[in-house]
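Visitor: Below, each chain spelled out in residue letters.
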Amino acid sequence: RKEVEQDPGPFNVPEGATVAFNCTYSNSASQSFFWYRQDCRKEPKLLMSVYSSGNEDGRFTAQLNRASQYISLLIRDSKLSDSATYLCVVKVDTGRRALTFGSGTRLQVQP
Amino acid sequence: DAGVIQSPRHEVTEMGQEVTLRCKPISGHDYLFWYRQTMMRGLELLIYFNNNVPIDDSGMPEDRFSAKMPNASFSTLKIQPSEPRDSAVYFCASSNYRGLFPTEQYFGPGTRLTVT
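Line by line, the protein sequences give chains C and G.
Numbered according to my numbering, the first sequence spans residues 1 to 111.
Numbered according to my numbering, the second sequence spans residues 1001 to 1116.
Hints were generated in silico from the structure; no laboratory data involved.
There could be a bad hint or two in this list.
[Said to hold, decoys possible] The calculated lysine-lysine pairs, modelled on DSS-like cross-linking and capped at a C-alpha distance of 30 Å, are:
no., chain 1, residue 1, chain 2, residue 2
1, G, 1078, G, 1024
2, C, 42, C, 79
3, C, 45, G, 1078
4, C, 2, G, 1078
[Unchecked claim] Here are the in silico distance ranges between beta carbons for each label pair:
no., chain 1, residue 1, chain 2, residue 2, range
5, C, 32, G, 1002, 50 to 60 Å
6, G, 1016, C, 55, 25 to 35 Å
7, G, 1074, C, 111, 39 to 49 Å
8, C, 40, G, 1061, 21 to 31 Å
9, G, 1054, C, 1, 23 to 33 Å
No residue lacks a Cβ here, since even glycine has one placed at the ideal position from N, Cα and C.
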């Protein structure tokens, strides 16, 4: 089983739609959680951190469910510019300083 | 502010040749990471350094791969000899930590390697 699993998609949605992605992680000792965004042929960039209480940044809402070991990303009023791959990222609570990246979920927002 | 700088941006080489990828992290960052990304395997961590010291190289696929960080502003990833299955995008990233928690990991633009 992969440490971080995501539905690869693609999710094809019309402009203005609300779309949600889930990501599951296997290690219950995981400590820090993030969503990164990667545009086609570009490098990954941090979209937002995910806090235990959930957090919102404009049209984006991230939530963490430790009991079920998943995190989610909700995008409201989607824009054409939201088209990208969204990577779920987890840091496990060990001495290791590395992040574990999911394979990503591709979103295509259509006019 | 300059971000993470990688060179070359594209590299095409023949099987058996030596390939050297270069990275300059963001000034002041004390962690440097090398990743490889392919369609099949996604983004894989190869090795990371803390204060120029290699900490975890368990992701390095085999002895053909080696990485060095001679100083805080420069790192190399070398493949010798290269093979077609090494074709991928190689990313370098740098970050800091606040205690146990990582700050944002900043990625370079990547080197697209094609081995024929």
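Visitor: Given the range 50 to 60 Å, decide if the beta-carbon distance of residue 32 (chain C) to residue 1002 (chain G) lies inside it.
Guide: 26 Å, violated
Visitor: Honestly, do residue 40 (chain C) and residue 1061 (chain G) meet the 21 to 31 Å range at C-beta?
Guide: 26 Å, holds
Visitor: Would you check the hint for residue 2 (chain C) and residue 1078 (chain G), treating anything up to 30 Å between C-alpha atoms as holding?
Guide: 28 Å, holds
Visitor: Is the distance from the Cβ of residue 1074 (chain G) to the Cβ of residue 111 (chain C) consistent with 39 to 49 Å?
Guide: 45 Å, holds
Visitor: If you draw a straight line from the CA of residue 42 (chain C) to the CA of residue 79 (chain C), is it 30 Å or shorter?
Guide: 19 Å, holds
Visitor: Has the given pair, residue 45 (chain C) with residue 1078 (chain G), been kept, meaning a C-alpha gap of at most 30 Å?
Guide: With Cα atoms ~25 Å apart, residue 45 (chain C) and residue 1078 (chain G) stay inside 30 Å; holds.
Visitor: State, for the Cβ atoms of residue 1016 (chain G) and residue 55 (chain C), whether the hinted interval 25 to 35 Å holds or is violated.
Guide: Between residue 1016 (chain G) and residue 55 (chain C), where Cβ atoms are some 50 Å apart, the hint is violated.
Visitor: Could one say that the CB atoms of residue 1054 (chain G) and residue 1 (chain C) fall in the range 23 to 33 Å?
Guide: Given about 28 Å between the Cβ atoms, the range holds.
Visitor: Next pair to validate is residue 1078 (chain G) with residue 1024 (chain G); report whether the Cα-Cα distance is within 30 Å.
Guide: 15 Å, holds
The structure is inconsistent with the numbered hints 5, 6, although it conforms to all the rest.
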